[in-house]
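Trainee: Model the placement of chains L and C on the given structure of chain E, informed by the hints.
Spelled out, the chains give:
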Amino acid sequence: MTGEGIRLDEIVARLGGSLLGDGAVRIWGVGTLAGAGEGQISFLSNPKYRSQLASTRAAAVIVPPAMQDGTERPRIVAANSYTYYARVAQLLYPARQPKTPVHPSVVLGQDVQLGEGVVIHAGCVIGDGASIGDGSVLHPNVTVYAGCRIGKRALIHAGAVIGADGFGFAKDGEAWLKIPQVGRVIIGDDVEIGANTTIDRGAIEDTVIGDGVKLDNQIQVGHNVVIGDHAAMAGCVGIAGSARIGRRCTVGGGAIILGHLELGDDVHVSSGTLVAKSLKQPGQYTGAFPVERHEGWLKNAAHLRHLSKLADRVHELEKKLSELEKKS
Amino acid sequence: MTGEGIRLDEIVARLGGSLLGDGAVRIWGVGTLAGAGEGQISFLSNPKYRSQLASTRAAAVIVPPAMQDGTERPRIVAANSYTYYARVAQLLYPARQPKTPVHPSVVLGQDVQLGEGVVIHAGCVIGDGASIGDGSVLHPNVTVYAGCRIGKRALIHAGAVIGADGFGFAKDGEAWLKIPQVGRVIIGDDVEIGANTTIDRGAIEDTVIGDGVKLDNQIQVGHNVVIGDHAAMAGCVGIAGSARIGRRCTVGGGAIILGHLELGDDVHVSSGTLVAKSLKQPGQYTGAFPVERHEGWLKNAAHLRHLSKLADRVHELEKKLSELEKKS
Amino acid sequence: MTGEGIRLDEIVARLGGSLLGDGAVRIWGVGTLAGAGEGQISFLSNPKYRSQLASTRAAAVIVPPAMQDGTERPRIVAANSYTYYARVAQLLYPARQPKTPVHPSVVLGQDVQLGEGVVIHAGCVIGDGASIGDGSVLHPNVTVYAGCRIGKRALIHAGAVIGADGFGFAKDGEAWLKIPQVGRVIIGDDVEIGANTTIDRGAIEDTVIGDGVKLDNQIQVGHNVVIGDHAAMAGCVGIAGSARIGRRCTVGGGAIILGHLELGDDVHVSSGTLVAKSLKQPGQYTGAFPVERHEGWLKNAAHLRHLSKLADRVHELEKKLSELEKKS
Numbered sequence: 001m002t003g004e005g006i007r008l009d010e011i012v013a014r015l016g017g018s019l020l021g022d023g024a025v026r027i028w029g030v031g032t033l034a035g036a037g038e039g040q041i042s043f044l045s046n047p048k049y050r051s052q053l054a055s056t057r058a059a060a061v062i063v064p065p066a067m068q069d070g071t072e073r074p075r076i077v078a079a080n081s082y083t084y085y086a087r088v089a090q091l092l093y094p095a096r097q098p099k100t101p102v103h104p105s106v107v108l109g110q111d112v113q114l115g116e117g118v119v120i121h122a123g124c125v126i127g128d129g130a131s132i133g134d135g136s137v138l139h140p141n142v143t144v145y146a147g148c149r150i151g152k153r154a155l156i157h158a159g160a161v162i163g164a165d166g167f168g169f170a171k172d173g174e175a176w177l178k179i180p181q182v183g184r185v186i187i188g189d190d191v192e193i194g195a196n197t198t199i200d201r202g203a204i205e206d207t208v209i210g211d212g213v214k215l216d217n218q219i220q221v222g223h224n225v226v227i228g229d230h231a232a233m234a235g236c237v238g239i240a241g242s243a244r245i246g247r248r249c250t251v252g253g254g255a256i257i258l259g260h261l262e263l264g265d266d267v268h269v270s271s272g273t274l275v276a277k278s279l280k281q282p283g284q285y286t287g288a289f290p291v292e293r294h295e296g297w298l299k300n301a302a303h304l305r306h307l308s309k310l311a312d313r314v315h316e317l318e319k320k321l322s323e324l325e326k327k328s
Numbered sequence: 001m002t003g004e005g006i007r008l009d010e011i012v013a014r015l016g017g018s019l020l021g022d023g024a025v026r027i028w029g030v031g032t033l034a035g036a037g038e039g040q041i042s043f044l045s046n047p048k049y050r051s052q053l054a055s056t057r058a059a060a061v062i063v064p065p066a067m068q069d070g071t072e073r074p075r076i077v078a079a080n081s082y083t084y085y086a087r088v089a090q091l092l093y094p095a096r097q098p099k100t101p102v103h104p105s106v107v108l109g110q111d112v113q114l115g116e117g118v119v120i121h122a123g124c125v126i127g128d129g130a131s132i133g134d135g136s137v138l139h140p141n142v143t144v145y146a147g148c149r150i151g152k153r154a155l156i157h158a159g160a161v162i163g164a165d166g167f168g169f170a171k172d173g174e175a176w177l178k179i180p181q182v183g184r185v186i187i188g189d190d191v192e193i194g195a196n197t198t199i200d201r202g203a204i205e206d207t208v209i210g211d212g213v214k215l216d217n218q219i220q221v222g223h224n225v226v227i228g229d230h231a232a233m234a235g236c237v238g239i240a241g242s243a244r245i246g247r248r249c250t251v252g253g254g255a256i257i258l259g260h261l262e263l264g265d266d267v268h269v270s271s272g273t274l275v276a277k278s279l280k281q282p283g284q285y286t287g288a289f290p291v292e293r294h295e296g297w298l299k300n301a302a303h304l305r306h307l308s309k310l311a312d313r314v315h316e317l318e319k320k321l322s323e324l325e326k327k328s
Numbered sequence: 001m002t003g004e005g006i007r008l009d010e011i012v013a014r015l016g017g018s019l020l021g022d023g024a025v026r027i028w029g030v031g032t033l034a035g036a037g038e039g040q041i042s043f044l045s046n047p048k049y050r051s052q053l054a055s056t057r058a059a060a061v062i063v064p065p066a067m068q069d070g071t072e073r074p075r076i077v078a079a080n081s082y083t084y085y086a087r088v089a090q091l092l093y094p095a096r097q098p099k100t101p102v103h104p105s106v107v108l109g110q111d112v113q114l115g116e117g118v119v120i121h122a123g124c125v126i127g128d129g130a131s132i133g134d135g136s137v138l139h140p141n142v143t144v145y146a147g148c149r150i151g152k153r154a155l156i157h158a159g160a161v162i163g164a165d166g167f168g169f170a171k172d173g174e175a176w177l178k179i180p181q182v183g184r185v186i187i188g189d190d191v192e193i194g195a196n197t198t199i200d201r202g203a204i205e206d207t208v209i210g211d212g213v214k215l216d217n218q219i220q221v222g223h224n225v226v227i228g229d230h231a232a233m234a235g236c237v238g239i240a241g242s243a244r245i246g247r248r249c250t251v252g253g254g255a256i257i258l259g260h261l262e263l264g265d266d267v268h269v270s271s272g273t274l275v276a277k278s279l280k281q282p283g284q285y286t287g288a289f290p291v292e293r294h295e296g297w298l299k300n301a302a303h304l305r306h307l308s309k310l311a312d313r314v315h316e317l318e319k320k321l322s323e324l325e326k327k328s
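Chains as they are written, first to last, in full-length UniProt numbering: chain E, 1 to 328; chain L, 1 to 328; chain C, 1 to 328.
Next up, chain E with everything else stripped away, as it sits in the complex (with noise of 0.2 Å):
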């Protein structure tokens, strides 16, 4: 937060939006409308949580148009008051810039390039002739393999690694004979990247993810996967070798996406979806056991093992009855 605060007025001179209410008021930070209280700003974007707008003790509020009138508040009136928030909270909380932009413990293999304002925290380790372009911020213990190339303006979270090997054998005899795997990884710009989230780099073209993608922790891509711009990835998503993922997709959290599939632009598959076949057309996708309690799966579970048959035993229903019928 910065030292002195904004003034409402100042922020809405910055960032458009109208003002009602009390432009001098200061705003240090942020808060949840529940939560927030003096030199705080709050927003809301969800319907879900009017009720909150009346009571909140905010300093300030963000609001569409159509809740305006949901407090009497100082408030910014804003058509789309999720990035309005967004780009507040920007402003109220820039990134701190580090002393040493790379810290001492960072090791740098030969030939890697650095672009303007790179920041590298401490414990990372950037192999031979990677690059890593302009504005890109490393957290700690980031591994970034030789050769792989970080587009601008990059957040990579701790602990991700960035071109290990991608799974690649051939069988030889009972054995697993090591596919050398000579492709990189090849990162567009304005990409965010989860602590723990691992990229391999390709067999023998590149892997590359697009301009804009976002994937948060724990996330696995494999050799010669292909994202597409702007694409997004909740935690826990693994993405098999040589899938091409359209631009904008969304993967919801610990979905399987298998080997050599293509997914449409536009393509939104679910939280725990596994996908085996490629899915072209634009659209929500899902497949998953609905939870339930367990003596009730174990019921439905058992029948499941069955139901081909019992597919089978009312085709035999549909016809004895249509011969009854008949008779009758």
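Hints were generated in silico from the structure; no laboratory data involved. Backbone N, C-alpha and C define an ideal beta-carbon position, used for all residues, glycine too. Any given hint could be a false lead.
Claimed, not checked - Straight-line Cα separation of at most 30 Å, DSS-like style, residue types lysine-lysine; simulated pairs:
id : chain 1 : residue 1 : chain 2 : residue 2
1  : E       : 48        : L       : 178
2  : L       : 277       : L       : 320
3  : L       : 152       : C       : 178
To be verified - Derived coverage of chain L by chain E (criterion: at least 3 residues anywhere in the stretch with Cβ under 8 Å from a Cβ of chain E; other residues may be distant):
id : region
4  : 19 to 30
5  : 159 to 167
6  : 174 to 182
7  : 217 to 225
8  : 268 to 282
9  : 302 to 313
To be verified - Here are some chain C residues pointing at chain L (derived, C-beta under 8 Å):
id : residue
10 : 95
11 : 276
12 : 300
Mentor: This is chains L and C only, laid out in the frame that chain E set:
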């Protein structure tokens, strides 16, 4: 293991229970019933392994009263033989105290607070203003981001990441706008966190892990999750943002809990289950496709995609049959 | 890539196979059939890509006998073109030997044993009494806990954690009592371990990984698991404690295998499958909800919760129909 071992009667003097057989036997370590030999103590807790009790060569055995006659070896009789075993093992294998409690390679930010007896192994990075309570141990290469608070007697395994940014973005056209993540991670006392587990900082308010919580490896805890005291989760679990997990809940390996849900106290989620709705009543909940031979699965899964139609056909049959019955 | 490349006839002299076309062609690297150009060798293994063989611009191609006439380019004919390719790639891309095989930032505990030619990259931490066999390579930021043994020619990728405590607790009132984990991890020869994969030490006896086992990224192996020789597992797999996995088993991405189960030799588990019972016979096993459009899934999943009742209704119909048939 201690140099001279501990006499069996000394163990009973310290930990209680009743002794049958030679109390002068010296114990240096632990072993399984099948594998233990001279100087090793074993235990029987699960009646399934009762037959191993008769043939064990362990120097001594910890047994519940009901099985105290299952062997003639020196033995300690304790109501709960498993917790008794845990205490004996803690006695025999005290945590090693490294010569330098905070390894010289550790990177500490500004204003970090470390309690009494904190041990931090090599390669850890602790952000500005973080605090770690008395007696906590951080294994190698752990990252704690700025401002996070870890309670007393924590045990955090290698590669864990505490306080990385939550996955928060606002859709802005086709791109994603970063929501600064300004909350912290607050961890109670007596918490164990597994290797490469990640716990994200809160978006506005904090992510909170209660006292006595045990998290296995490779777990992902999203921003603003609240986990109640003494909950325990097995490996590869994912908890999405703002989920609230009750006290004493357990979550099996690989389960996924969606965001903004609530699990009441004493809810137990089976392995591999996707929890897509709140579960407020105590009990065991499950949702998982039963494994079977691939050919059988293929048939059943094909019918699953037509289950809704199958149900319609059964309904139709019921109607027709009822009409036929009326006629006949 | 070597400075001067290798002549095609030199490759055949070293690796066998038969040469068709100009043996004087020099090869510097590998490429895909579609992407390779001057100086690059490609291969055809999957007949699906046969059409690319006719149009490839690769300097040379490795083909199986059945496809040796699919191009007029210089080519090597080999019974198994994929393993042949693996060996050519190993020739062209020998592992880089760093100037200092054990990077100065590496932290070695007391009594660590390192074999001949071991390479340990920056940021690794090796605990007291651990041993690493000849020719093994540890990429950056790997942690090996005290006492663990790694065989010869291991390749361990960044961020992997070998030997953290298994997840062992005894219920003590509402709290959990720590069971000291006093076993080790014992890893055979020729094992590859992926980035951020974790293998826990045994509770009493050891966790054992056989020779030639290949583990992809982000896999969790619980305490006392035993994995047979030449098993291979894809990313994000979780193996719970004390499971025994047979020789040559394969496990698809994201599969979960519960504790204390046994998979026989040559069992193959499909991606995304939860294995909740022992599978002793060889073969492919699957359990996963098929993905479909969300609306269709909603309908089918709703009926799944009543599958047991649906089966009862079918049974009832069969009874009634049989009675009607008797009457008519």
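Trainee: Residue count check for the region 159 to 167 of chain L against chain E: does it reach three with CB-CB under 8 Å?
Mentor: Since 5 is at least three, the answer is holds.
Trainee: Just to be careful, I want the Cα atoms of residue 277 (chain L) and residue 320 (chain L) compared with a cutoff of 30 Å; is the pair within it?
Mentor: violated, 37 Å
Trainee: Is the interface hint satisfied for residue 300 (chain C)? The criterion is a beta-carbon contact with chain L at less than 8 Å.
Mentor: holds, 4 Å
Trainee: Against chain L, with CB atoms and a cut of 8 Å, does the hint on residue 276 (chain C) hold up?
Mentor: holds, 7 Å
Trainee: Can you tell me if the region 174 to 182 of chain L counts as covered by chain E, using C-beta to C-beta distances under 8 Å and a minimum of three residues?
Mentor: holds (count 8)
Trainee: For a C-alpha distance cap of 30 Å, please report whether residue 48 (chain E) and residue 178 (chain L) respect it.
Mentor: holds, 23 Å
Trainee: Three residues minimum, CB to CB under 8 Å: does the region 268 to 282 of chain L make the cut for coverage by chain E? Let me know.
Mentor: It holds: at least three residues are needed, and the region 268 to 282 of chain L offers 8 whose Cβ sits within less than 8 Å of chain E.
Trainee: Does the region 302 to 313 of chain L contain three or more residues whose Cβ lies closer than 8 Å to a Cβ of chain E?
Mentor: holds (count 7)
Trainee: Would you check chain E against the region 217 to 225 of chain L, counting CB to CB pairs closer than 8 Å, and say if three or more residues qualify?
Mentor: holds (count 3)
Trainee: With chain L as the partner, please determine if residue 95 (chain C) meets the hint condition of a C-beta pair closer than 8 Å.
Mentor: With a minimum Cβ separation of about 24 Å from chain L (threshold 8 Å), the hint on residue 95 (chain C) is violated.
Trainee: Apply the coverage criterion to the region 19 to 30 of chain L and chain E: a residue qualifies when its Cβ sits closer than 8 Å to a Cβ of the chain, and three qualifying residues are needed.
Mentor: violated (count 0)
Trainee: Quickly compare the C-alpha distance for residue 152 (chain L) and residue 178 (chain C) to 30 Å and report which way the hint goes.
Mentor: holds, 15 Å
In the structure shown, a violation is registered for the earlier hints numbered 2, 4 and 10, in ascending order.
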